[in-house]
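The residues making up each chain are set out below.
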Amino acid sequence: MRRMTSSGGSMGSSTNPVTSPNDEETTDSQPGMDSDRIVHLVVSSNRKGGQGGRRTPSGDDSKSEPAILDRGVQAKLGDQLRAMFDDAASEPVPERFFKLLEELERKEKSR
Amino acid sequence: MTRKSVTLKDALLGLVPNLRAFAVSLCGDPERADDLVQETLMKAWDHLDSFTEGTNLRAWLFTILRNTYFSECRRRRREVEDRDGMRAAELAVHPGQQGHIDLEDFKRALQMLPPDQREALVLVGAAGFSYEEAAAVSGCAVGTIKSRVNRARSKLVQLLGVTSTDEFGPDASTEAIMLRSGMGATPG
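Going down the list, the sequences are from chains E and F. Quick note on the numbering used here: the first sequence kicks off at 1 and runs consecutively. Quick note on the numbering used here: the second sequence kicks off at 1001 and runs consecutively.
Derived from the structure by calculation, the hints contain no laboratory data. There is no bait here: all hints are sound.
Here chain E is said to cover these stretches of chain F; the calculated rule only asks that three of the stretch's residues, wherever they fall, bring their Cβ under 8 Å from a Cβ of chain E:
no., region
1, 1009-1015
2, 1018-1029
3, 1040-1048
4, 1147-1156
Computed from a prediction, not measured in an experiment: that's the story for all the values here. Ideal placement from N, C-alpha and C gives every residue a C-beta, glycine not left out.
Build out the structure end to end from the sequences listed, making use of the hints.
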């Protein structure tokens, strides 16, 4: 006999997912949680939910300001930016800049 | 006076890598970036008297560089707009479904941002300036910088078609496993 327990009120753990700010990391050790839902809840947490607002994480509740980004995505953006910058900054200084500064120095001395 | 300029030369040389990184992030073109750096160094040398000793030389140089860049942009605005238009077309073709964003995609998307937003994001997010320092470099209010950074981030995410962290690469598999196990959990 198979029984459908769809009416059960105990869907997984009922701990408030909003209180865990770093969902990507924490869900790793709690495999029972619906991480998809957590992301939506975090995004729409400052709104009195219920009215299906959960579906639109990009909801424009903050005037003309852009939607709040998922922390994980924001962190990745930061990583990418720094990687790009550090990559460029680690290149050796081209000869032309040594020459330029020597030239500037020479001019100043002869003044 | 000569002793001062010897140290100045070294200080400037030491900051060239940073200036180049800032310049190429701003304009997206390595050749133009080096021209910007060259012009910045020359201006810095000539206007050293306007630098207050003991203050942040890096921030001062960044200010000269961005001023040079933006006045140049104003001068050749039409040309720049044409090129950005071409880039927009190029990027629109980019398949966001590949599931992986490499550094080249990222650089291209960065160049799609309005220059003032790009500048704010690079200063704060890449070069490690505080909001206050970035505001001083850009000559605007701290709130303006914050808002530009936020807009830049959102726009980047939009341009790259990123909806979750897995689009960025290696973490993809872990998240997929998490999702699967989350959906598979049944009560009882």
